[in-house]
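**Q** Letter by letter, the chains look like this.
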Amino acid sequence: MDVDLASVLHDDAIDVRYEAGDWEDAVRRAGTLLVEVGAAEERYVQAIVDGIHEHGPYVVLAPGIAIPHARPESGGLDVGISVVTLAHPVEFGAKDNDPVDLVFGLVTNDSEAHLQALGALAEHISEPENVQALRDADSPEAVARLMKDGP
Amino acid sequence: MIKVFAVCGMGLGTSVILKSRLKKALDEAGVDYDIEVTDASAANGQSADLIFTSAEFADKIKNKTASVHVIKNFTDRDEITATVNEALAGLDTD
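So the protein sequences, as listed, match chains A and B.
If you count the first sequence from 1, position 23 lands on 23 in this note's numbering, and the numbers rise without skipping.
If you count the second sequence from 1, position 57 lands on 57 in this note's numbering, and the numbers rise without skipping.
Keep in mind that the hints are not guaranteed to be accurate.
Claimed, not checked - In silico EDC-like links for lysine to aspartate or glutamate, alpha-carbon gap of 20 angstroms or less:
1) B:Lys23 - A:Glu123
2) B:Lys72 - B:Asp32
3) B:Lys24 - B:Asp59
4) B:Lys72 - A:Asp4
5) B:Lys72 - B:Asp39
6) B:Lys60 - B:Asp32
7) B:Lys23 - A:Glu127
8) A:Lys95 - B:Asp49
9) B:Lys72 - A:Glu91
10) B:Lys72 - A:Glu112
11) A:Lys95 - A:Asp22
12) A:Lys95 - B:Glu79
13) B:Lys23 - A:Glu112
14) B:Lys64 - B:Asp27
15) B:Lys72 - A:Asp96
16) A:Lys95 - A:Asp4
17) B:Lys60 - B:Asp39
18) B:Lys23 - B:Asp39
19) B:Lys62 - A:Glu54
20) B:Lys60 - A:Glu54
21) B:Lys24 - A:Asp4
22) B:Lys64 - B:Glu79
23) B:Lys72 - A:Glu123
24) B:Lys72 - B:Asp59
25) B:Lys60 - A:Asp96
26) B:Lys60 - A:Glu123
27) B:Lys24 - A:Glu127
28) B:Lys24 - A:Asp138
29) B:Lys24 - A:Glu123
30) B:Lys24 - B:Asp49
31) A:Lys95 - B:Asp76
32) B:Lys3 - B:Glu28
33) B:Lys23 - B:Asp49
What the hints assert, rightly or not - If you want the footprint, here are the derived chain A segments under chain B, 3+ residues with CB under 8 angstroms:
34) 5-17
35) 22-28
36) 36-43
Think of the hints as simulated: they come from the structure by calculation, not from any bench.
Backbone N, C-alpha and C define an ideal beta-carbon position, used for all residues, glycine too.
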């Protein structure tokens, strides 16, 4: 089985230049998109927020980039990724990588497909030109195209 | 065989991404290794040589056998390669 980003990114799970009030608002937006496309139960969103309150901003894993996620048993239904770009960067309290303006919501089911999808996402955001193109994208369609084909 | 853990809060999100980056650096270094993803509490209970994690978890890891190394930017190949090579050099002098 070959899993790429196109197979786990739902076209309706993308929001561009979202006006987030704070980090929690941004995280809830990314989580809610996963709920809306049927990849997660509603309680999954709260589980993500609770996890960040408990562990700190560990989901901010590169400058300006957060990948909020929770455990599959917290309401994960499928493997899925959502993309939220922010109109204005928000602070997570991550001293090395704040502020954040790219949020990738993630839901997993602990499968081989999950590992492959995450690997594909890691590869994608390790290319600085891919990240810059996502920041510059002005429509969900543009984000979908960039995630699937690159700039 | 070097035993390596990639650690995050859930043991299956950011740590999986970290693992895929670490594997590349370890392959380039040409060492014989076994790498697992885990959460912080599970990492404390098992024997390992090297643990890589983010700044948030470094203080929570109290593994008796492993040295703990912080990765700030999980997408920066140069930082990951440099941190892996430093960690491996530390093993050699033990």
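**Q** Would you mind marking each hint as holding or not holding in the structure?
**A** Here is what the structure says about each hint:
1. B:Lys23 - A:Glu123: Given that 20 angstroms is the threshold and the Cα spacing comes to 13 angstroms, the pair holds.
2. B:Lys72 - B:Asp32: At roughly 25 angstroms apart (the allowed maximum being 20 angstroms), Asp32 (chain B) and Lys72 (chain B) break the hint.
3. B:Lys24 - B:Asp59: Between Lys24 (chain B) and Asp59 (chain B) the Cα gap is close to 26 angstroms, so the pair fails against 20 angstroms, i.e. violated.
4. B:Lys72 - A:Asp4: Distance of about 26 angstroms is beyond 20 angstroms: violated.
5. B:Lys72 - B:Asp39: holds, 17 angstroms
6. B:Lys60 - B:Asp32: Not OK: Lys60 (chain B) and Asp32 (chain B) at ~27 angstroms, beyond 20 angstroms, violated.
7. B:Lys23 - A:Glu127: holds, 17 angstroms
8. A:Lys95 - B:Asp49: violated, 27 angstroms
9. B:Lys72 - A:Glu91: With Cα atoms ~16 angstroms apart, Lys72 (chain B) and Glu91 (chain A) stay inside 20 angstroms; holds.
10. B:Lys72 - A:Glu112: violated, 27 angstroms
11. A:Lys95 - A:Asp22: Within the cut-off at roughly 16 angstroms; holds.
12. A:Lys95 - B:Glu79: OK: Lys95 (chain A) and Glu79 (chain B) at ~17 angstroms, within 20 angstroms.
13. B:Lys23 - A:Glu112: This hinted pair holds, its Cα atoms lying about 17 angstroms apart.
14. B:Lys64 - B:Asp27: Given that 20 angstroms is the threshold and the Cα spacing comes to 26 angstroms, the pair is violated.
15. B:Lys72 - A:Asp96: holds, 6 angstroms
16. A:Lys95 - A:Asp4: violated, 32 angstroms
17. B:Lys60 - B:Asp39: holds, 10 angstroms
18. B:Lys23 - B:Asp39: holds, 18 angstroms
19. B:Lys62 - A:Glu54: holds, 18 angstroms
20. B:Lys60 - A:Glu54: holds, 12 angstroms
21. B:Lys24 - A:Asp4: Status holds; Cα separation ~19 angstroms.
22. B:Lys64 - B:Glu79: Between Lys64 (chain B) and Glu79 (chain B) the Cα gap is close to 25 angstroms, so the pair fails against 20 angstroms, i.e. violated.
23. B:Lys72 - A:Glu123: holds, 17 angstroms
24. B:Lys72 - B:Asp59: holds, 14 angstroms
25. B:Lys60 - A:Asp96: The given pair, whose Cα atoms are some 18 angstroms apart, holds under the 20 angstroms limit.
26. B:Lys60 - A:Glu123: Distance of about 28 angstroms is beyond 20 angstroms: violated.
27. B:Lys24 - A:Glu127: Status holds; Cα separation ~15 angstroms.
28. B:Lys24 - A:Asp138: violated, 33 angstroms
29. B:Lys24 - A:Glu123: Within the cut-off at roughly 11 angstroms; holds.
30. B:Lys24 - B:Asp49: The hint holds at about 18 angstroms.
31. A:Lys95 - B:Asp76: Holds, at roughly 16 angstroms.
32. B:Lys3 - B:Glu28: Distance ~16 angstroms between Lys3 (chain B) and Glu28 (chain B) Cα, so the pair holds.
33. B:Lys23 - B:Asp49: Given pair Lys23 (chain B), Asp49 (chain B) holds - Cα atoms ~15 angstroms apart, limit 20 angstroms.
34. 5-17: Violated - the region 5-17 of chain A has 0 residues with a Cβ nearer than 8 angstroms to chain B, which falls short of three.
35. 22-28: violated (count 0)
36. 36-43: The restraint on the region 36-43 of chain A is violated, since only 0 of its residues have a Cβ under 8 angstroms from chain B and three are required.
Checked against the numbered hints given earlier, the structure breaks hints 2, 3, 4, 6, 8, 10, 14, 16, 22, 26, 28, 34, 35, 36 and satisfies all the rest.
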